[in-house]
Amino acid sequence: MSEPLLKVVNLEKKFPIQRGFLKRTVGQIHAVDGVSFEIGHGETLGLVGESGCGKSTTARLILRLLDPTSGEIFFNGKEIHTLSRQEIRKERKDMQIVFQDPYASLNPRMTIRQIVAEPLIVHGLANDDADPAVDEMIELCGLSREFGNRYPHEFSGGQRQRVGIARALITRPKLVVLDEPVSALDVSVQAQILNLLDDLREKFDFSYLFVAHDLSVVSHISTRVAVMYLGKIVEIGSREEIFDNPHHPYTKALISAVPLANPKQERIRKTTRIVLTGDVPSPANPPSGCRFRTRCWKAQEVCATSEPALLKIGNSYVACHFPEM
Amino acid sequence: MSQPLLHIDDLYVHFNTSDGVVQAINGASLTLNPGEIVGLVGESGSGKSVTAMSILGLVPKPPAIYPKGRILWKGIDLLTTPDRELREIRGGEISMIFQDPMTSLNPVYTIGHQISEMIRVHSRISAKTAKLRSIEMLDLVGMPNPAQRIDDYPHQFSGGMRQRAMIAMALSCSPELLIADEPTTALDVTIQAQILEILEKSARELNVSVLLITHDLGVVAGICDRVAVMYGGRIVEEAPVDDLFERPLMPYTWGLMRSIPQMDKVSTKRLYTIPGSPPVMSRPPKGCAFAPRCEFVIDRCHTEVPQLIEYAPHRMVRCHRVSEPDFIAVLA
Chain Z
1 MSEPLLKVVN LEKKFPIQRG FLKRTVGQIH AVDGVSFEIG HGETLGLVGE SGCGKSTTAR
61 LILRLLDPTS GEIFFNGKEI HTLSRQEIRK ERKDMQIVFQ DPYASLNPRM TIRQIVAEPL
121 IVHGLANDDA DPAVDEMIEL CGLSREFGNR YPHEFSGGQR QRVGIARALI TRPKLVVLDE
181 PVSALDVSVQ AQILNLLDDL REKFDFSYLF VAHDLSVVSH ISTRVAVMYL GKIVEIGSRE
241 EIFDNPHHPY TKALISAVPL ANPKQERIRK TTRIVLTGDV PSPANPPSGC RFRTRCWKAQ
301 EVCATSEPAL LKIGNSYVAC HFPEM
Chain L
1001 MSQPLLHIDD LYVHFNTSDG VVQAINGASL TLNPGEIVGL VGESGSGKSV TAMSILGLVP
1061 KPPAIYPKGR ILWKGIDLLT TPDRELREIR GGEISMIFQD PMTSLNPVYT IGHQISEMIR
1121 VHSRISAKTA KLRSIEMLDL VGMPNPAQRI DDYPHQFSGG MRQRAMIAMA LSCSPELLIA
1181 DEPTTALDVT IQAQILEILE KSARELNVSV LLITHDLGVV AGICDRVAVM YGGRIVEEAP
1241 VDDLFERPLM PYTWGLMRSI PQMDKVSTKR LYTIPGSPPV MSRPPKGCAF APRCEFVIDR
1301 CHTEVPQLIE YAPHRMVRCH RVSEPDFIAV LA
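Protein chains in written order, with my numbering: chain Z, 1 to 325; chain L, 1001 to 1332.
If you are wondering where the hints come from, they were derived from the structure by calculation, not from laboratory data.
For glycine and all other residues, C-beta sits at the position ideal for the given N, C-alpha and C.
Certain hints may be false.
[Claimed, not checked] Residues from chain Z shown here face chain L by an in silico Cβ test under 8 Å; the list is partial:
no.	residue
1	E50
2	G158
3	S188
4	A257
5	Q265
Let the hints inform the model, and build the full structure from the sequences given.
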């Protein structure tokens, strides 16, 4: 088998909790705690989980927008985690990101053409924004090239997200990290962007890391799915396996909690729905052993004392002492 | 038939802004019967929140103006009710919960204090009885250890627990109508499931009508009896929940249902897309608000606003083409 495009091994990120005038460190938030996964060429990995589970932090660590506390990141044969600031900038030509908020992530003083051209200029691939590739990319992302001279405030959320995507793709990256790319958009506009992402993947054959909290969206776009809970991957597998046959109790509960737009089915689902009790514990003070045990209906003594490893079950990898079969 | 609890009759709400007049609501009509859970669905800017705020008289005037329409609460027009009387109704007979529980709770008072205050404003009972009632309400919404947690401040609660406290507060004066404006949008899915379950259970138990405002069709499918779809400041379709999802009649509803990715129908097929984006209400389209994005548009749609007609019993729809004999077959 060929090398995967991206390989993450035991990635860890701790944020210090600082208090008081002297900013003394009084504790640590363990945002990402030993995450490992791979993304193959042309593959879309969906990374799902609830707020605070570390999915966005993981995405930013891969691009080195944040520096990992420990762990290794191999991208395209290079050791991303050891590169210097300057070296990593060169690598970003091949790894780009699209952010959630299309209002905050575009510079309001730059025209659309300038925004889309900037990565080309930064990487020395073009001298100015007159490069024909810029207009071409703007059109590929479903905007008319006349829009190039306008400013972000003249556009709707969906159109701005198209600009964000055009900017990410202009350098023809190998990996595109999408951090909640459709969650700020209206329902009727979401589908446009999801289809655009599908089309572009077919055309350019790159890999996506799709970070989202919406399982319906993830199930639509992903080829593989990783489920995170409190900084750890609890289950990772093919989309079919995750959605048709989830093994981890958390995955099961998560899927069962999603309300479907189908009233008849919802009435049946409601009777069998697994409604988790309580809230996600604080990542500053996670439970011992399995982190999900405080909300898990299958938890036993062993769950509190030993942390389950990510083991192969069927075609998925699952971190649970008592997985569903 | 008994009198409806709430009847919004041809409501118009406009806002005077520096950009000109924003026509947020352009003739919305909706009826709510006692004990019913009705969903009001729409995208941002469709006018659903303004509709809800208007019921409670919470829209500041100016900039808002009400050129036309009535909001009848058990026969009384809330738009012309004096503020003093409206205050009695608001929080008493009609209460509301909002999307973000943190901004609707006062950070310097305990949860118990805030619920008791609400109860005591609307009924003459002692502080002690009010406290007992608060504990009872928190217990009803599934708050663990309500007798202790009543002395906690809002920041000591998680998002889901705050929303529970909001529901407890909203239901504490035995309202007849609860308006819930995107009550679960800020919450994670597993917490959303908890809150929706509690909302439905307590509403049915106390026989409270609910007007549930949301953009999420899944949320509506789960707990509503009837659903009204809003677009461009008007109700474009209204139907019992099963009918609406099984056979939408208005092209917007139809398109919306086909454009959302469905977890249970995993496929790599392309999603249906509604082209363009929602209308800008300072310059709304002249005819049907959906006409510029509609794939079934005819000339008439651009010039004439369709009326909300009763297509079949309990099925209201606003579309010029729905009366064509073979049009419904096209949407099937």
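Taking the hints in turn, this is what the structure says about them:
1. E50: Since the shortest Cβ distance to chain L is 4 Å, the answer is holds.
2. G158: holds (6 Å)
3. S188: holds (4 Å)
4. A257: This hint holds: Z:A257 lies near chain L, its Cβ roughly 4 Å from the closest one there, short of 8 Å.
5. Q265: holds (7 Å)
Of the numbered hints listed earlier, not one is contradicted by the structure.
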